[in-house]
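Asker: Just need the whole structure built from these sequences, with the hints factored in.
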Amino acid sequence: MITDFPEVKRELQKAMNIALQDGVKQNAPMLSMVGGKTLHEGDSMGVLHEDGRHVVNPLQYAESQFSVSREEMMSMKPDELMAKVNTVAVDMAGQMERNLFQSLDESIKESGNTIPGNPELSPDSILVALQMIVVDFEDDDRSKPVMPTIVTAPGGYEKLKEQEDRASEEEKKDYKARQEAILDKKFQEHLADLESRKIVD
Amino acid sequence: MNPDNIKQPETKDPFLQRAIEHWLDSANELGYQPLFCEWLITNNYILKYSIKNTHFEQGKDVVAVSADGTPHAFQLKGGPINLKRWREEVKPEIDILIGGAIQHPDIDKSSPHISYLVTNGEIEDNVRVEIISLNEKAWKDTPLHCWTRGDLLNGFQQMAEGILPKDAVTYKKLIDLIFADGTGFPDYAKIYGFLFEILNPRDTARAKEQRKRDIAAAVLYANMIVGPYRVTKNHASTVRVMTMLLSSIFYVADKYDLEDKYWLKSYEIIWSDIQSTAILLEDEISTDGFDASFNSPLDTDLIPFRKHSAASIVYALKLAQFIKGDAAWKSVVDPAVVPKYKESILVWGEASFVPLIMLSLIFKDVPGGKVTAVSLLKSVVTQILQTNGRHVKGKGALVPPYYDIDFAVKLSFEMLEAEFDDDYKYHSYYLKSVIELLTRLNQRDFISEQWREISFMRFDELVPENPNDFLLWRTEHGENRTTLPKKENSWAEMEKEAVSLKGESLPSTLRRFPEFIPFFVTVFPFRLNSELLGYLYLASKK
Chain A
1 MITDFPEVKR ELQKAMNIAL QDGVKQNAPM LSMVGGKTLH EGDSMGVLHE DGRHVVNPLQ
61 YAESQFSVSR EEMMSMKPDE LMAKVNTVAV DMAGQMERNL FQSLDESIKE SGNTIPGNPE
121 LSPDSILVAL QMIVVDFEDD DRSKPVMPTI VTAPGGYEKL KEQEDRASEE EKKDYKARQE
181 AILDKKFQEH LADLESRKIV D
Chain B
1 MNPDNIKQPE TKDPFLQRAI EHWLDSANEL GYQPLFCEWL ITNNYILKYS IKNTHFEQGK
61 DVVAVSADGT PHAFQLKGGP INLKRWREEV KPEIDILIGG AIQHPDIDKS SPHISYLVTN
121 GEIEDNVRVE IISLNEKAWK DTPLHCWTRG DLLNGFQQMA EGILPKDAVT YKKLIDLIFA
181 DGTGFPDYAK IYGFLFEILN PRDTARAKEQ RKRDIAAAVL YANMIVGPYR VTKNHASTVR
241 VMTMLLSSIF YVADKYDLED KYWLKSYEII WSDIQSTAIL LEDEISTDGF DASFNSPLDT
301 DLIPFRKHSA ASIVYALKLA QFIKGDAAWK SVVDPAVVPK YKESILVWGE ASFVPLIMLS
361 LIFKDVPGGK VTAVSLLKSV VTQILQTNGR HVKGKGALVP PYYDIDFAVK LSFEMLEAEF
421 DDDYKYHSYY LKSVIELLTR LNQRDFISEQ WREISFMRFD ELVPENPNDF LLWRTEHGEN
481 RTTLPKKENS WAEMEKEAVS LKGESLPSTL RRFPEFIPFF VTVFPFRLNS ELLGYLYLAS
541 KK
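In order, the protein sequences belong to chains A and B. Here our numbering is used: the first residue of the first sequence is 1, the next is one more, and so on. Here our numbering is used: the first residue of the second sequence is 1, the next is one more, and so on.
The hints are simulated quantities; they were obtained by calculation from the structure and are not laboratory data. In this text, all values refer to a predicted model and were calculated from it rather than measured experimentally. Misleading hints may appear alongside valid ones.
[Claimed, not checked] Below, computed lysine-lysine pairings styled on BS3-like, alpha-carbon distance capped at 27 Å:
{"hint": "1", "chain 1": "B", "residue 1": "K190", "chain 2": "B", "residue 2": "K212"}
{"hint": "2", "chain 1": "A", "residue 1": "K9", "chain 2": "B", "residue 2": "K172"}
{"hint": "3", "chain 1": "B", "residue 1": "K425", "chain 2": "A", "residue 2": "K144"}
{"hint": "4", "chain 1": "B", "residue 1": "K340", "chain 2": "B", "residue 2": "K370"}
[Said to hold, decoys possible] So the derived list for chain A, only partly shown, Cβ under 7 Å to chain B, looks like this:
{"hint": "5", "residue": "M30"}
{"hint": "6", "residue": "M33"}
{"hint": "7", "residue": "G36"}
{"hint": "8", "residue": "K37"}
{"hint": "9", "residue": "L48"}
{"hint": "10", "residue": "E50"}
{"hint": "11", "residue": "L191"}
Glycine included, every Cβ here is placed at the ideal spot set by N, Cα and C.
Answerer: In structure tokens:
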């Protein structure tokens, strides 16, 4: 063989792996919001709920590949290689996000936590959703609600923004008041939840 | 080693011979003593005792009885023996070896024993001439036998006969391990992987006799691997490697239901080695203190980590002694010793709580010590909640027990090769079992005060598909289980659950030898769970 540069290649491989990981994070916004943990062994994940339900799921895998022909390899520029890596990242991110949404969808349906009538995304439907979920308050402080993140279908955010822009000042004020009223209620629920966390005989 | 009843080995593998030579030439007598004992039992001797580093050996480091019932006593030396050393150091001990009766309840004091001088060096010609002369005159009735470097080499190589690394890649692994930097930490994954290959647990058709030979070979290779650590007197790392060896042997013994005759003597040798090496570390700290080891300006930021790593082995030893009823555990309450360990525990991850938990298991039963035990456990709970609890801003930074102190040092010095972006907020591997321990100690008030925050946490653990896999460094099959605590919990139920934890799911070897568990959990901190801690609680209860 022609003498190689294995050390340099290892470093390049490392850089490529980092780029792949970053690419997956950028293209999987939902997943990147969830705190990541490394699994060191085992082949499944389970949750033992407080009511005794035990749900076990096998680990799911995401994989993708790219190929480079010998001819391409001879003239390939670093940017072109990174573009291929990014294609893999997008593909893997898509698989992971789809899996995540599928699991979420199943859990939501199971818990019955869906908005009746499946309305379009709008400020009103957001308030309906807000009423249905648990809201956390940082430092147990009413002024610091931890507001949920909205994940929309493509174009969903733009439509929402349009509705918001069209709203009059009075409508906005009214909306804010309704939201605050819900948060007041949620804070009371939060305090009640805290009170319920205790040791009894 | 060539008594008549021992088969002579065939030298088949020059590489292995060179590797054993390298290890043997760098070892002192304490370094090769465990393997020498293992060699004796593989040749059907019954080992009676093996003493290290005491003044009570009466010239006899090792005593064993051969198959025909004859007692044999061995004085072990390291390095060459010239005339000066012979006359000043060795001969006085040989006089006692030959002249003094063996002190052991199973051996008749009046029955003569065969005496051996064993060294991994050579005996110079003029010394040999003097020994021959003494054997013909003063020692005529009980002549001295000599085993030197070549005999040990042949004997040790015999132990690996047929159980050699299978390919060049495995040879390379062995070479890397036996040439490791003995001043640092062992590469756990590589060592366990290598010993696992030697023990062949995946070969389900292996005969039990062959498993016995596998175990002897694993002891040989582990001693070679631990060579660099023994040479540098890195006792903590030596203990860690031998703990891995014993865990892997336990795994095979449990998986294949091996009767005692196939592995128990090996256990005794390795266990004795672990204890005596840990005692050497304790002695070093007692004599010189920690500070004698710190002699470079580069040490400054590493001192707390180095102290922690050493103290964790000593505290494992103390709990083992406590479980066995050995009064030596009392040094943890000795006012002359306690200050030496000041600031020796550092919080760097969940695994760093292991020494505190071990101390609490001792103190809980010491008169007046329960307050200390409870205080240590409370500090563990508080640290976990402060670092990974719901009020943490940003990520939960207390890493799970899969991450060792070496990782923690690299993380703190920003020297990790790969980006570490994990978030452990709301998660803990130890919180559940520590709360159960506090429940056993009737700490309802504290738990009630903390329950609001505790109830937001998620308790993590790995539940192996096969209970014996608990002894593995990593298992492929198992559930990464997260348990969600009840918001409102009943104290009566908590008490009931805590007392039900008796270690019933633990591998039978661990249950049989609870004194080994403190070392096991120091090296395998990710195995500390409710069952294990519950069992340790019961095993350490007075």
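Asker: Take the hints in turn and mark each one as holding or not.
Answerer: Results of checking the hints against the structure:
1. The hinted pair formed by B/K190 and B/K212 meets the criterion: a straight-line CA distance of about 23 Å does not exceed 27 Å.
2. Simply put, A/K9 and B/K172 have alpha-carbon atoms about 22 Å apart, close enough for the 27 Å limit, and the pair holds.
3. Note on B/K425 and A/K144: the hinted pairing holds, with a Cα-Cα distance of about 19 Å set against a maximum of 27 Å.
4. Proximity of B/K340 to B/K370 is assessed by CA-CA distance (about 22 Å); at most 27 Å being required, the pair is judged to hold.
5. The restraint placing A/M30 at the interface with chain B is violated, with a minimum CB-CB distance near 15 Å, outside the 7 Å limit.
6. Residue-level restraint check for A/M33 is violated (minimum Cβ-Cβ distance to chain B is 11 Å; threshold 7 Å).
7. Checking A/G36 against chain B by beta carbon gives a least distance of about 6 Å; that is within 7 Å, so the hint holds.
8. For A/K37, the interface hint holds, since its Cβ comes within 7 Å of a Cβ in chain B; the closest pair sits about 5 Å apart.
9. With 7 Å as the threshold, the beta carbon of A/L48 comes within range of chain B, its nearest partner Cβ sitting at about 4 Å, so the hint holds.
10. Taking 7 Å as the C-beta cut-off, the interface hint given for A/E50 holds, the closest approach to chain B being about 4 Å.
11. At about 11 Å, the closest approach between the beta carbon of A/L191 and any beta carbon in chain B exceeds 7 Å, and the interface hint on this residue is violated.
Figure legend: structure checked against the earlier numbered hints; hints not met, in rising order: 5, 6 and 11.
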